[in-house]
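Enquirer: Going line by line, the protein sequences match chains A and B. Under our numbering, think of the first position of the first sequence as 7, with each following residue one higher. Under our numbering, think of the first position of the second sequence as 68, with each following residue one higher.
Derived by calculation from the structure, the hints in this document are not laboratory data. The C-beta atom is built at its ideal place from N, Cα and C for all residues, glycine as well. A couple of the hints might just be wrong.
Taking beta-carbon pairs under 10 Å as the criterion, some of the chain B residues facing chain A (in silico) [unchecked claim]:
#: 1; residue: K70
#: 2; residue: Y75
#: 3; residue: K92
#: 4; residue: T111
#: 5; residue: K141
#: 6; residue: C189
#: 7; residue: L203
#: 8; residue: A223
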Amino acid sequence: MTGNNLEQIKKNLGCSMSRRKFLGCMAAMGVLASIPGSLLRPMDGQAGNGFEQGLEIFRNACPRNCYDTCSIKTFVKDGVIKYIEGAPESTFTDGGLCVKGYAYTRRPYSPDRIKYPMIQDQRGSGNWRRISWDQAMEIIAKKLIEINEKDGSMLGLALAKYSGNFGITNYAVEGMMTSLGYTTRLIGTPCWPAGIDAQNYDLGDMWCNDPEDMANARYLILWGANPAWNSVHSMKYIYAAQERGAKVVCIDPVLTQTAVKADVYWEVETSMDGALALGMARHILDQGLYDRDWVRNNSIGFDEFADYLRNEITVDWAAQKSGIPAEQIKNVAEEFATAKPASIWIGYGLQRHVNGGATVRSVDALVAMTGNVGKSGGGARYGHLRTWGFNYHALLQPRPEGSVGFLGADGPLGDFDFSGDKVDEYSDRPLNMNKTAEEILTTDEPPVRVLWVSCKNPLSQDFDRNKMVEAFKKPELIVSVEQFFTETVELSDIVLPVTTLFEEWTVNASYWHYWLSINEQAIKPMYETKSNTEIAAALSRKMNELKPGSCTYPTEIDPREWMIKEFNQGIYDLFGIDSWQDLKNGPAKAKMHPASWHDLKFGTPSGKYEFKSELCAEHGHQALPKFKEGRKPYDKLRLLTPHTKFGIHSQFVNLDWMEEYNPKPFCYLNPIAAESRGIKDGDQVKVFNKIGEVQLEVKLTDIVPPDVVMMYTAWFRNNPYNCQNLVDDTSSDMGAYKTGAPGVAIHGQFADVVKV
Amino acid sequence: MRKQLGFYIDANRCIGCFTCAMACKNQYHQDIGVIWRQVYDLKTEIYPHRERAFYSLACNHCENPTCSNVCPVKAYYKRETDGVVVHEQEKCIGCGNCIRSCPYGAPRHNPVLRKAEKCSFCWERIDSGLEPACILSCPVDALQLIDLATFEEPNAVQYPPGFPKFTSLNPSVRFRVAQSPTVIRRKRL
């Protein structure tokens, strides 16, 4: 992103950020007449009795990639959102949202919003022109027909989509691709794949206890997880456990906000969590504190695991590797093994390494050998998709007759792929999402001619941003579906304005808690925005107009009807509801046992917990959860780029309300590291490594160790900051089995810092 | 003692997530630059780790509010029923006396209206039987509504480190201070 582009966009938008200026702008554009005059007016304080008088209440649900998937109550007056709250019916949300959720109303009403389809004269120039939906669809459809005729297939069309909106109806994007033929898909997940595979090898699926059940734990280890920032509603269950006497241990390379709420914090050497887990396991074995009955009845391979521990692992070795004193390791291991039930929350941090999958398997083993798997208050908690049994109506579309595709691909199309095991002659062409730049640059026959980006901001969130900029020069046409002029939109040719959650119908489940929420259309879509379902229909209309039969996606859809089509009896039974309409009264909780694997029937080949997994070995890894080294340092400091509390990936940080509390980025450096570099608090510094650099202000603090520099993922609308300038696309060990592509060693990165 | 509503700020539970602050914006849509509730991180002299302990502060609805005392046009009044200090913006002439006199920085200058404004304790919500937006929003119950007439919490303090001590105002807030965990640093090579 260059400053010139930003300036150009702002000029084109013609708006600055204040509310009153926004109204003035809209009046100038003639838009104001079409929306109620009370837009964004503050409460007038005349409410007296009946504060909610005249307010309609709608149900919404946060569709972002977040543990909490909050259920929202939206208060609307005269067609305008006045304010939102958390749904009190959900014990998880309990009437509240998070800092991001409460900034939500600035999304539909943001003056920065993309209001109508636009085309950019010369990619990256910032010279955007407004076009009609019909014009946009005609340009895209003609291009798709052209590449299909040129290549004899639709493989030149690639989809980059991930977690910007997990609302179920948004699988219309994948459905639209399928309805055009066999296309190219960037598959996998940057987020949690190594751990998903690890849990599948050990347990046969990824399935976590109800987070509300954490309150029942008598010992709790929060390992590479920072719920105080990334799952705020989970914190009250951790506090509840503490108040009932449970000890909470937090293990993290960073003294996170969660860490200071624990009883004990261990500043582990980054990527050495596996050594720590194995050291604890060895001590538990030596002390005879493992659960013999559980292990005998419910697992295979424990003896071999025990032999491995006795032969190759010592507590002193673990202490040396992890930096945690041996006495500490022994104490916590004994406490953990004897407090029953005890639980470990495995965060997505410790698996973002070249040894991430092996690490998660070691932690799983620790929970299993102490007999804590399958118990309320226990469990190796990572995530689950047990409440995602929708119809995937929007996703499952037929291909046009005679479609030609890719030969030889099999396996999953990502962690949220629910298309089943249908075997066709051809398949879509899979490319590794975590190497998007590399894949676009090197893929040929046909190359990626058209790139469609939806629910994703690869320029801000994917790895090796410099390479990504190069990659985005290659396609002949890039279409982005967005709400804001992100860095990805800046390098697109056409942008299609998409609805926010308040403007569309969908349904949302969580990968963490057990609640299900409906998302009603609370306000009419602003400006010319369309939902992903409607965009798919619009493209299909144009494709069929220009070349009948070239797209099987329905040309007329009712978004509400399409939301309803996602429900089935299985969901109603699971959630104890008679109809989707029951969700209008509030979210529902799955009638599931609070303990995952409570029946001790594991999904592994043996049906038992597998300390030794032959499947894992077949996939090229070690059969036992053995220690694996992390990535070798290639620069002076470890670079950590975790999530900020003010955003999720690239979302929310750009909103004006969020800027009030988080106006600019910082990097965090230990005073010891700063002193040797002549850096003082508040200095402008350059963080750099072999792939790129970024300049920002430094904060000196002991929350990071002396060998670490930390900064957060974010996308600011008025600042070119991007931590992905420094993060390369090195793969983690696992992920390919269940998500189609390995994860990324996001925390296996190194850099140095200098004062500028 | 007469009913006096106040905020209980449990800094030991508080995770500094700014949810309360944003919930206030969500409810009142203040103009940009106008903040009624701020989440202040404590200096390392008070809490040893930077940006890891916080006080969420708005108006303290003091027993003896200086804002009200210095206002030349009586744009402030203290409610008899619950002690909430209300600012009536329509009466405000924007002289800034309240802003200058409040040692807690509660009244804020609205550059658009050129008037003062501040936390209302969501008195409209309270009168409708609802909790203030900030309190309802707190995901960890670190911010609570209390009535000082009946509040009995032996560990609560009125003037914790970092919170200015102005006894003549008698601010209607109580705090619980943040604790530190046992921190095991890794051995440096």
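Enquirer: The structure should be examined with respect to each hint, and the outcome stated for every one.
Expert: Each hint, compared with the structure:
For B:K70, the interface hint is violated, since its Cβ never comes within 10 Å of a Cβ in chain A; the closest pair sits about 19 Å apart. Given hint, B:Y75 at the interface with chain A, is violated; its Cβ is 15 Å from that chain's nearest Cβ, farther than 10 Å. For B:K92, the interface hint holds, since its Cβ comes within 10 Å of a Cβ in chain A; the closest pair sits about 5 Å apart. Below 10 Å, beta-carbon pairs count as interface contacts, and B:T111 has one with chain A at about 8 Å; its hint therefore holds.
The beta carbon of B:K141 is not positioned within 10 Å of any beta carbon in chain A (closest approach about 17 Å), and the interface hint is therefore violated. For B:C189, the suggested interface contact is upheld, since its CB lies about 9 Å from the closest CB of chain A, less than 10 Å. The criterion of a C-beta within 10 Å of any C-beta in chain A is met by B:L203, whose closest approach is roughly 5 Å, and the hint holds. For B:A223, the shortest C-beta to C-beta distance to chain A is roughly 17 Å, which exceeds 10 Å, and the interface hint is violated.
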